Amino acid sequence: MKMDPNFSRVLHVELTTGKSSVLMIEDRHMHIGGSGLAAVLYERYGVLDAPADDPRQPLIFAIGPLTGFYPLMSKVVCGFRSPYSGEWAESHAGGRLALSIRFAGYDALMITGKAKQLSALIIGSRSCEVEGVTYLRGKDVFATGKFLRRFGKKNSGHRSAIRIGQAGERGVAYACINVDSFRHFGRLGSGAAMGFKNLKGIVVSGDGAFDLPEGKAYADMMKDIYQDITETGKMKKYHDLGTPQNLIPLNELQALPWNNLQKTHDDRVDNISGETFAKQLLLRQVACAGCPVGCIHIGLLRQQFANEHEFLYKQVSYDYEPIFAQGSMLGITSAADVLALLDETEKLGLDCMSAGVALAWAAEATEKGIVSKEETIVDLKFGEMKGFLNGLKFIATGENAFYQALSRGSMAAAKLYGGEEFACVLGQEMAGYATGEVFFVASAYGFRHSHLDTGGYAFDQNNTEKNAGKAVEFMLEDERGRIYINSMMGCLFARGTYGPEKLKDALTAAGFGNIADNLEAAGKYIQKLRWQLKCKTGFDVDAVKIPKRFTEVVTWKGGIDTGYMDEVATLYATAIKEMAYGKE
Amino acid sequence: MKRLEAVRMEQCIGCHSCSLACARLVHKKLSWNTAGIRISSAGGLTTGFEAHICVACDPAPCAEVCPTEALKQRKGGGVIVTHDKCIKCGKCAEVCPVDAIYYETESDLPYLCIHCGRCVPFCPHNCIELRDIPAREEG
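Which chain is which? The protein sequence lines are A and B, in order. The first sequence begins at 1 in UniProt numbering and counts up by one. The second sequence begins at 1 in UniProt numbering and counts up by one.
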């Protein structure tokens, strides 16, 4: 196969009719790929004034120009209308999907319409089939994976199986899409977006081949980048303890959310620290295809299922955010209990962060007597795993009116039952950094409402002075830098390797000189387009509220300075409006 | 003579750096498949990984079945491959007992390990090694 640097090649599958077509999207020097390509596709094919569950809304999976060419270019962006916020949203995942899409011959897959029956989409370089899989209705993520692997058997190892669980089928607002068992399009409800299409899973076989760029430049660049990643030690922290290495430092900084953010420090952090997971439960590390780092940490969950020493074992992936959301945030101080909760979350196909934070709100609401067992069915008590385990199931099944509300998000439940002031929601359920004012504003207003939009948490940690202008300038600049990487679909861990100049050289060596020469203009264009789409699909920057709980947080710097936080928020909101609507 | 062996696959993290390097450096392709070493996971990622790689048969069934000597027996085991001599019959891939030959449909050519060892430095977990072929055991 040949790659054209001027076009993105997109497979468009229309599920209502069952027909597919290959689109050639021009002006690649402007949209690059990944985030940019997904936004361009939504701009052209999305329906701005229709809700997330409208079958016409596209569900997009896009890779970048460098996917397959270089290591750590191993991510996929999922672009969709969020069932959680109603807005244009992105979620990113690794696994084998990126290389599978590349070697199937595409830069993106776009799915519109709704299949007549529960279906799976089976794609390869020479195939595109929609298969009825009604027998998978209600099946959990793992069982679904096993069935899906029957498709494309001859491509074992060179294919990706992504799927949803019960939560996605039922339209839970924070249902995720599981990618190859251990990775996820986690936040903002991509799982429900897929469920709305009656689509249970997608299998992509990367069974094609491309010719290499001519000349020596690519080979030299590849060698240089590979050595930088594997021989300099800069990736060691991601492979060794992985992101959970942050638990102890953040706890020491009084920046780790505990018990629904009622506190930011607990002496028992050692029980759920990265070190404890590594020493006691780490089974092995695995990698995304095309990345030699191996940052995916798999823990061993051993469970006794009968009295006579009868055990089963499960492999559960863990990371910093999942341990925060279903560990410290729920007051859980046993690493094995965290894995048990994560395993259940995985099976059901829920976003572990939103599900954990929502249950943390429910536990505090129980503590305060706002809800009782009549609503919660089981005891939801900080530190006690079993109640939360049932809570997760009830969210996915929509067991009663309370859990149906909770499945729309903790703020949705709080609006019905009370307790909005302690719902830890910043656009969506918070990420695990109680570092201070800039992070809270960055999440509340940011594009993905997450710690991944900008390094707001890092600004809090590195700056003692309170300079709102400087903070907002940092957020905007950092966001633009991330947009480059997220349009290449490189892993954010790769930022140290792929600086702006290196990115340009890497692009040129791989045959994308047109993108390299236009990188700054493309970055600005994509940043603007993403914000325009988000605002046109319902994001009202003037309506953003930061719940009271975030003003009560005490960090190593002391209490939150609400005046400073408001100032940062006002400036950031103005900057977002400027990007979305132009200068007033 | 040396042969490539996947000696520590239990340490494999599934990064595919070896097969991508082989495709790139030996076969001049950007691909997962057109490579002499290919990594699969039998039953999802929870079961670990296995390498599809030429085990250096001697005699090699693929060479025996090749009608044009595109695949020729290598001394000590394995085969020497000459794509120019290949008439694209696909028999070599069919008879390989360990699924180590990938028959690529677009170029219509077989791809298999030539035991050059260029993939070895790309394995971050030392799963593969180029080892001397031991003296042949009769029997």
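Please note: incorrect hints may appear among the correct ones.
What the hints assert, rightly or not - Quick list of simulated restraints, FRET-style, between CB atoms:
#1 A/249 <-> B/94: 41 to 49 Å
#2 A/463 <-> B/2: 50 to 58 Å
#3 A/16 <-> B/2: 53 to 61 Å
#4 B/85 <-> A/27: 19 to 27 Å
#5 B/11 <-> A/217: 30 to 38 Å
#6 B/89 <-> A/137: 40 to 48 Å
#7 A/137 <-> B/68: 46 to 54 Å
#8 A/499 <-> B/28: 24 to 32 Å
#9 A/217 <-> B/107: 47 to 55 Å
As the list claims (entries may be wrong) - Example chain B residues on the side facing chain A (calculated, C-beta under 10 Å, incomplete):
#10 19
#11 20
#12 29
#13 41
#14 45
#15 57
#16 58
#17 59
#18 105
#19 106
#20 107
#21 116
#22 117
#23 120
Because the hints were derived from the structure by calculation, they are not lab data. This structure is a prediction, so every number in the text was calculated from the model and none was measured. We treat Cβ as the ideally placed atom computed from N, Cα and C, and that holds for glycine.
Each hint, compared with the structure:
Under the hint 41 to 49 Å, the C-beta atoms of residue 249 of chain A and residue 94 of chain B, about 57 Å apart, miss the expected range. The given range of 50 to 58 Å is respected by residue 463 of chain A and residue 2 of chain B, whose C-beta atoms sit roughly 56 Å from each other. Checked against the hint of 53 to 61 Å, the C-beta distance between residue 16 of chain A and residue 2 of chain B comes to roughly 57 Å, which is consistent with it. The hinted window of 19 to 27 Å between residue 85 of chain B and residue 27 of chain A is violated, with their beta carbons roughly 45 Å apart.
About 33 Å separates the C-beta atoms of residue 11 of chain B and residue 217 of chain A, a value consistent with the hinted range of 30 to 38 Å. A hinted range of 40 to 48 Å holds for the C-beta pair residue 89 of chain B and residue 137 of chain A, which are about 45 Å apart. Hint check: residue 137 of chain A to residue 68 of chain B, Cβ distance near 53 Å, so the stated range 46 to 54 Å holds. Checked against the hint of 24 to 32 Å, the C-beta distance between residue 499 of chain A and residue 28 of chain B comes to roughly 29 Å, which is consistent with it.
At roughly 24 Å, the beta carbons of residue 217 of chain A and residue 107 of chain B sit outside the given window of 47 to 55 Å. A distance limit of 10 Å between C-beta atoms decides the matter here; for residue 19 of chain B the minimum to chain A is near 9 Å, and the interface restraint holds. Taken as an interface hint, residue 20 of chain B checks out: its beta carbon lies about 7 Å from the nearest beta carbon of chain A, inside 10 Å. The criterion of a C-beta within 10 Å of any C-beta in chain A is met by residue 29 of chain B, whose closest approach is roughly 5 Å, and the hint holds.
For residue 41 of chain B, the interface hint holds, since its Cβ comes within 10 Å of a Cβ in chain A; the closest pair sits about 5 Å apart. Hint on residue 45 of chain B holds. Least Cβ distance to chain A is approximately 5 Å, under the 10 Å limit. Interface hint status for residue 57 of chain B: violated, as the beta-carbon distance to the closest one in chain A is roughly 22 Å, over 10 Å. Of the supplied interface hints, the one on residue 58 of chain B is violated, with its beta-carbon coming no nearer than about 27 Å to a beta-carbon of chain A, more than 10 Å.
Evaluation of the residue 59 of chain B hint against chain A yields a violated restraint, the C-beta minimum of about 27 Å exceeding 10 Å. The beta carbon of residue 105 of chain B is positioned within 10 Å of a beta carbon in chain A (closest approach about 7 Å), and the interface hint is therefore held. Taking 10 Å as the C-beta cut-off, the interface hint given for residue 106 of chain B holds, the closest approach to chain A being about 7 Å. Nearest Cβ of chain A to the Cβ of residue 107 of chain B: about 8 Å, under the 10 Å cut. The hint holds.
The beta carbon of residue 116 of chain B comes no nearer than 16 Å to any beta carbon in chain A, farther than 10 Å, and the hint placing it at the interface is violated. Below 10 Å, beta-carbon pairs count as interface contacts, and residue 117 of chain B has none with chain A, the closest being about 16 Å; its hint is therefore violated. Restraint check, residue 120 of chain B versus chain A: the minimum CB separation of about 13 Å is more than 10 Å; hint violated.
Violated hints, listed in ascending order, are 1, 4, 9, 15, 16, 17, 21, 22, 23; each of the other numbered hints is respected by the structure.
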